[in-house]
Amino acid sequence: MSLSILIIIYKTDELNQKSTCSILEQVAADKKVRKMNLYNLDMIIFVGYRVNSIGATQFRIWATKILKKHLVAGYTINQKRLLEQKNKFQELQEAVSFILAI
47 MSLSILIIIY
57 KTDELNQKST
67 CSILEQVAAD
77 KKVRKMNLYN
87 LDMIIFVGYR
97 VNSIGATQFR
107 IWATKILKKH
117 LVAGYTINQK
127 RLLEQKNKFQ
137 ELQEAVSFIL
147 AI
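Read in the numbering used here, the sequence shown has 82 at position 36, and its numbers run on one by one without any break.
One thing to keep in mind: the hints can contain errors.
Unchecked claim - Here are the in silico distance ranges between beta carbons for each label pair:
| id | residue 1 | residue 2 | range |
| --- | --- | --- | --- |
| 1 | 74 | 103 | 30 to 36 Å |
| 2 | 77 | 143 | 34 to 40 Å |
| 3 | 77 | 145 | 54 to 60 Å |
| 4 | 79 | 148 | 41 to 47 Å |
If you are wondering where the hints come from, they were derived from the structure by calculation, not from laboratory data. From the three backbone atoms N, C-alpha and C, an ideal C-beta is built for every residue, glycine too.
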């Protein structure tokens, strides 16, 4: 990824650096501390739609497919989270029943 894309995104105030980037310090095997920037989903999406590469093209195809699926369906279900929080399932069933009754 080109650093210039990130600089442009921040300079044009499309995204805020404080809210999209965290610095992770990692201790390597040689005991040296290395700093690494971690970017949130907003930045990943912005960069994915600006970069012109095979990987970026695959990302855009995947992201567009997922977004279209969610928009057409009208809802999103995080299956992993749903399985992890079994106690919330009953609440979701009640909410769906309420919506269907309308």
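Against the structure, the hints:
no. : hint                 : verdict
1   : 74 - 103: 30 to 36 Å : 33 Å, holds
2   : 77 - 143: 34 to 40 Å : 58 Å, violated
3   : 77 - 145: 54 to 60 Å : 57 Å, holds
4   : 79 - 148: 41 to 47 Å : 56 Å, violated
In summary, the structure is inconsistent with hints 2, 4 from the numbered list given earlier, while agreeing with the others.
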